[in-house]
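The whole structure should be built from the sequences, with the hints applied where relevant.
Residue numbers (the numbering used here), protein chains in the order written: chain A, 1 to 96; chain B, 1 to 181; chain C, 1 to 1003; chain D, 1 to 417.
Derived by calculation from the structure, the hints in this document are not laboratory data.
Just so you know, even glycine gets a beta-carbon here, dropped at the ideal spot from N, CA and C.
Treat the hints with care, since some could be wrong.
[Claimed, not checked] Rough simulated footprint, nothing fancy, chain C against chain A, three-plus residues with beta-carbon under 8 Å:
| hint | stretch |
| --- | --- |
| 1 | 25-37 |
| 2 | 45-53 |
| 3 | 59-65 |
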Amino acid sequence: MLLIHCPYCGDRPELEFSYGGQAHIARPSKPESVTADQWVEFLYLRSNPRGVHAERWRHVRGCARYFNALRDTRTDRFIATYKAGEAPPQQSGSTP
Amino acid sequence: MVESATARSLEFAATRWLRPLPPAARCIFCGDEAAQAALVAALGLPGSAANCRAVSANGRSLLWLGPDERLVLAPADQRQSLSAAIEAATASHAHSLVDVSYRQVALELHGPTAVRLLNAQCPLELTATAFPVGMCTRTIYAKTEIVLWRTALESFHIEVWRSFAPYLVTLLGDVAKESGA
Amino acid sequence: MSECRGKGGVLINRNLVVNFSFDGRSYSGFAGDTLASALLANGVHLLGRSFKYHRPRGLLAAGSEEPNALVTVVRGNEARSVPNLRATQVEIYAGLVAHSQNRWPSLGFDVGAVNDWLSPLFPAGFYYKTFMWPRFAWHRWYEPRIRAAAGLGRAPGGPDPDSYAQCYAHCDVLVVGAGAGGIAAALAAAGSGARVILCDENGALGGSLLDERANSQGGSDAAIWLRTALTQLAALPNLTLLPRTTAFGYFPHNMLGLCERITDHLATPAAGVPRERLWQVRAREVVLATGAIERPLVFPGNDRPGVMLASAARTYLHRYGVRVGSRVVVLAGCDAAYGVALDLHAGGIGIEAIADVRTGAHLVAPAAIAAARAEKIRVVERATVLGTSGRLRVNSVSLGVVAADGSVSNAGTLPCDALLMSGGFTPSVHLHSQSRGQLQWQADAGVFVPAAAAENERSVGAARGLEGLQQALEDGTQAGLTAAKACGLTPHAYSARIAVQEYSTRGAPGALAQPGARTPAKAFVDWQNDVTTRDLQLAMREGFYSIEHIKRYTTTGMATDQGKTSGLNALAIIAGSSARQVPEVGLTTFRMPYTPVSFGILAGYDRGDQFDPVRRTPMHACAENLGAVFEDVGMWKRAWYFPQRGEDMHQAVARECRAVRTGCGMFDASTLGKIEVVGPGAVEFMNRLYVNSWNGLAVGRSRYGVLLRDDGFVYDDGVVARLADERFHVTTTTGGAARVLGMMEDYRQTEWTDLKVWLTSTTEQWAVIAVQGPRAREVIAPLIEGCDLSAAALPHMAVARGTICGAPMLLFRVSFTGELGFEINVPADYGAAIWEAVRAAGQKYDIVPYGTEAMHVLRAEKGYIIVGQETDGTCTPDDVGLSWAIGKSKPDFVGKRSLSRPAMLASGRKQLVGLLTADPHVLLDEGAQVTATAGQVAPMKLIGHVTSSYRSEALGRSIALAMVVDGRARQGQTLYVPMPGGDLPVQVTAPVFYDPQGARLNG
Amino acid sequence: MQRFSAWSLLKQAFGSHGGWQPQWRRATPKPAYDAIVVGGGGHGLGTAYYLAAEHGLRNIALLEKSWIGGGNTGRNTTILRSNYLFDESARLYDHSLKMWRDLSQVLNYNVMYSPRGVLMLAHSVHDVQVLKRHIHANRCNGVDNEWLSPAEAKAFCPPLNIERNIRYPVMGGALQRRGGTARHDAVAWGYARAADALGVDIIENCEVTGIRRDAGGAIQGVETSLGYIASRKVGVVAAGNSSVVMGMAGVRLPLESFPLQALVSEPVKPVMPCVVMSNSIHAYVSQSDKGELVIGAGTDAYTSYTQRGALHVNMHTLAAICELFPAFRRMRMLRNWGGIVDVSPDRSPIIAKTAVPGLYVNCGWGTGGFKATPGSAHLFAWTMAHDEPHPINAPFTIERFREGLLIDEAAAAAVAH
Ligand SMILES: Cc1cc2nc3c(=O)[nH]c(=O)nc-3n(C[C@H](O)[C@H](O)[C@H](O)COP(=O)(O)OP(=O)(O)OC[C@H]3O[C@@H](n4cnc5c(N)ncnc54)[C@H](O)[C@@H]3O)c2cc1C
Ligand SMILES: NC(=O)c1ccc[n+]([C@@H]2O[C@H](COP(=O)([O-])OP(=O)(O)OC[C@H]3O[C@@H](n4cnc5c(N)ncnc54)[C@H](O)[C@@H]3O)[C@@H](O)[C@H]2O)c1
Ligand SMILES: Cc1cc2nc3c(=O)[nH]c(=O)nc-3n(C[C@H](O)[C@H](O)[C@H](O)COP(=O)(O)O)c2cc1C
Ligand SMILES: [Zn+2]
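Written out as structure tokens, the structure reads:
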């Protein structure tokens, strides 16, 4: 069970959270005007990296807020968590 | 008929370490900081609640649930007046006030075994330093969501949605039985 | 008890005799004995049969690494039996009943042993090469026989009556293993103020400290130190001591799983006490002091009962006062074996010889040899084993001597009743490796030791390859202090000293030198899975190169001991046979659990009714009193139908439907999800989310809302009321409540942060009583105050506040039945009282409570869909006839863009229609398929399926809803529903069967 | 290829098994191949085999970054069935199930296909509806699947608990008798051996690290940890790593990779005569030939390449197992492990050409592709050889997501194993 740092509540057990998938995928503001390719990208295409992943979590059994995290999918180690709307923190040097 | 119904919030036989708390007035208040400040004033509380903390005064309590979400608790007879007072005091701020007096019920877990009983199925660290008196949070107990609020070193106020309450009480009972509490 | 019990034994209490039985024979031992030590004390050496060849097997070890001595322990009856327990870990109690396994008819005479004779036919992987002819024979003939032969013990024979507990714990420092290293670490950390948990899989704490020879005063320095240390530990308030507790798994972010065995060692556990407890410990820092496991030697005939690890013999002697034999030959692959020989010798056990199997002169410590010779123990240097004899117990060993050129000369046969071996010790790196910590090959010691950690964790003492007690103490101390410091505490100086005579535990893994000639005798590497050197070599001959392949082809390391004693030997043999270094061969993955853990602790409290919360509505008891049958919908119990005396489901549902259509029915709708959407942004929020337009919805009015996902498919639906300018009361399906709220929060918090709007679940705030039918108004009117129920004041889809019997009420004029209908929302506490009040008021109109089944029939007659029944996640609003709900002028809503994808617009989509069977008495099966033509054979061209099918009381015939390709254009056509008994012709109709104009609604 | 048979086994027994030859060569890469298959799971090995056996290609390499069969092929609970709902899926999986029947004979390798029956349980009225819809659709598609009452389910699987005293009592089940299990490792090794015999180079420890395309965008070859290898046809069958490998060619996929766990109990004498699955309370269990109960758990919530998952996911599964089989509460878990499953939005696979000429992909099998191994490999080989899909896999394109032509088994059936 992961230990996840909620930017509002601190370190909390994974059981209190729900996973929200890849972060920073903005819903097109005018969906009607995007192309089929752009729409399929928004709906379905995911980076799914083996490495650092920017992703969303919701502290659903806690403060109920969505926030973002950088996690290395090779180790499940969290590099950072940050509030929704904030830019991901700069990572120093190469990925771990 | 209706009067007796209102008193029936949570039914189970109190034990040495667990008792049902009486019905209460409850509402969920959401809004930004300014709205929250107005709320605190309306409730007559000394200050607002920090993250994961509760403040109480005059029988009213304000529990921080999320950055813009608070749970207000007050004696049951304030059900009508409380909402009205809050609405009046916060009218100039965008906010949401929803009465949840009946959505959930409360119980109190107390005594030297309280932490152990909780930790049987609640994954939080509940030492007095990690979870001091006055701390409150939504969390889980096995498969039910609860609001857990430490009101004294050995006393916890628990809010649980009403349909989950029998599950919670039964489970606490099972856990207590096995550990001889 | 026989002469096998000598003096000493720090763990047994000779004043407490304990009687037990093994394979039906009674024995006695002492309190503190394990089943293994007690049987040995009784001279029983044959404890089991091997998996594949059914070879007689005795004890190899004394601890949790034991591969051979697996037994079934039965407590009372079959339901309380546990197979495959290691006799070395079973603590005896009065009345213990244990059985050997995998043998028939008896342990001494096992028919299955023919496999041993036929073993040339059963090399590794033989089953992949044969049993293929004739084609179906594998499943019909061969497999059942193989299965019957395989398996070890029998599964328990009935529902387990015991309970299992669980808990979460947090600590600063978790120390695994209470040997010298672990105890020192715990004392140091706890002494520095850290909250410490110290666990050990054994009942007695002390680890190797318990294995030290007593001095002339009757105790060892180690034992004295241990006693003091345990007293200190017990006195520390910030330390939790967990004996009989195995750390079985190391999970991410420093969480470990511990299995505490609470009652298995007790003769009569107190009632209600759980059998075991799962601890999920989140530790800031972890110290792994898990020690090391001795390696056997691989030589022909190394699996006879009586062939045993040297350290095990020492453990049996010092902990239990048990002599493993009276004429012992010790095969020394490391100096520590000399220590064992000397200890046994001092304990009065005859040592026939020490055969030192090391061939590099520099490997042998002269001091060890000198010490042995000083005690007149014969030492054969550069020895090897040519074979052993003895059927149910070893009775001799033939030794050879390896010359410098590698040739082997016969050195004679020594009689013996125990053959002890030591190939050196393998650090227990299991948990470190599970945590994804790295391992490093230590070539000089021939072992892997922990390298870089992946978690806040460090290994100490023998677990990281350190030799010696004092080193372990110091290492443990240091680790305890470091861990405390890492927790932000000030380390508190602590030091411990014990002086004991010790010999090096370094060895070289692998097989003993073998004479050139092939002997038929097998040299076992993995005892439990019967894997021999030859099996490993065969795998390599067949091209299996990766250790992972060799493991799987030969099953080495895959038995219930997970290769604790065999792993490194297998690696060394593979390396040796393929001209590779051990690290090149590499390790297989260490996985949890360290030793097997029962399903029971992992299931814990999730049992019976408590498996999942049972959610009941405020009116549940009312329905129960009325004899309702309930169905599970999500976690909710919903009243399904209310059979009256003698009625079956069909009759009850027909009566309930009739009542609603002709008089009045009442229904508990409390489980519907309810969400209050409040704030200045509420209207815009609803506009963006739902397909409908909400601008025009007046306060006090409601509307049927449809929610899509952004992929354009119907996700949920429900009535949405506008309670105030900035306040909506949204209802969802029962099962959808949580996920709809989750989806709303997602858009609210992460997409539309411009909107000031908030969401609050009110599902449980309200009890909801639907009163439906032509007499509905008359029924409720007398109870209600403060609101005008007339059709003019409260038309269909209007919402009003008022009171009912004095209780506050939110009243919806809605109908899911097609009749005049109201949904009375009252605060949940009032639900039962109001239910009874309505029922009382309805008596004179013959009001009938109806359940979900009647509700389904009634709505189907009206063609109202149920999300999840008509839809299955692949339906657009248009597919199910809901285009009318879409706010056409809205620029966007969730899912809108997807609706313009080509496949969503193309013809050939399934659409909602009604189906009427040619024979009105025929009821279609829900889920039945639809074809355009009759008489098709599989694979048919399917054009649709029946989603709902009921006997309609109102229409006096069966009706069905279906999703049919281009269905709306097929109205009037005859289609076919192919059933096993033939095609059923059906006519396509509109999906509304009853009151298509909706006149009754507006009554 | 050395024939495997009882006879050859006997003969070798007299020679102390000294005469067995390598089942496949340890090939080293040639500079160029006519076709390269990336990924040595069952699907990849099978693809290489069918390319050689049925499409006459001889100069083929199969590149595996680690050891063949070490991906999900070596980690799955080996449940085989074909009673999928949609016509497209039923055709695809039944194509495969039919191939399982004589796979041992075709490969001359006993893959232990054991049609012991797969029983899928219903615990609610809704479950019953869903399973019955499957049964009807399957019957019309020529796929066997039958309804069992609780008592019939109990008769078929005696240890099953059909008492009413559990939280979600068994309301019946759908039984596919042809469904069952097969030995995972044998599938990988059997295909490897048969492919090798046809000249396929099976190259282990060879990780594809890049994909080269020519000026026109077409495939030129692959960069690997053992150097560059040229080929005009590259088929990627990398399961959990599909996004990573296809990303090297600039192709983005609608996939996410999640941990999926399984576990085995200690071996016991036969107790479970069939496979039992319960989608709604998450329990999948059968007993292997060696005697362990093989139990499948759920996926973890988050994407990960760690090949491990959380304890609480297993706990949830074992709680369900203990309710359905209350006698197993005292059974013990012997080993637990995780795989990386590549999950597509509609839980159906992609077996298709890509926009990159010469590049093909077979992925998205998620939690349920072992059963499809022979069929998928067979169809993918066809697709690679003909540069166009076989009619059976024609619906399983990448484009279906853009068009909205999803084959949503997930929505229809909750979980697909
Ligand atoms: C726990 C678990 C239980 C399951 N249970 C079932 C079940 O009961 N029934 C069922 O039908 N299915 C089940 N599945 C799913 C099934 O295992 C898979 O769908 C199937 O095995 C996939 O086979 P594959 O050959 O495509 O993939 P894999 O066997 O994963 O093979 C892919 C290979 O590609 C290799 N690779 C990756 N990247 C590269 C690279 N860059 N270069 C070279 N090689 C690379 C990998 O090392 C791997 O060997 C289960 C899966 C898991 C994890
Ligand atoms: N270096 C070696 O190879 C070697 C070998 C054998 C003995 N020794 C001796 O061992 C002593 C070293 O002490 P130590 O403390 O490092 O080891 P130890 O063997 O004394 O203690 C290890 C303890 O950990 C327990 N344990 C192991 N795995 C466990 C798990 N997963 N969960 C719970 N408990 C578990 C064991 O039961 C044992 O009690 C010295 O006396 C040393 O001479 C060393
Ligand atoms: C169907 C099946 C049965 C298995 N049975 C056993 C077993 O009896 N003993 C064992 O140790 N592992 C068994 N395993 C698990 C493997 O040892 C191993 O954990 C799995 O292949 C994943 O590899 P990894 O753990 O090396 O990552 C089995 C795996 C599968 C798929
Ligand atoms: Zn939080």
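Hint check results:
1. 25-37: Satisfied; 8 residues make the cut.
2. 45-53: With 0 residues closer than 8 Å to chain C, the stretch 45-53 of chain A misses the three-residue bar; violated.
3. 59-65: Three-residue rule met by the stretch 59-65 of chain A, so holds; n is 3.
Hint 2 alone, counting from the list given before, is not met by this structure.
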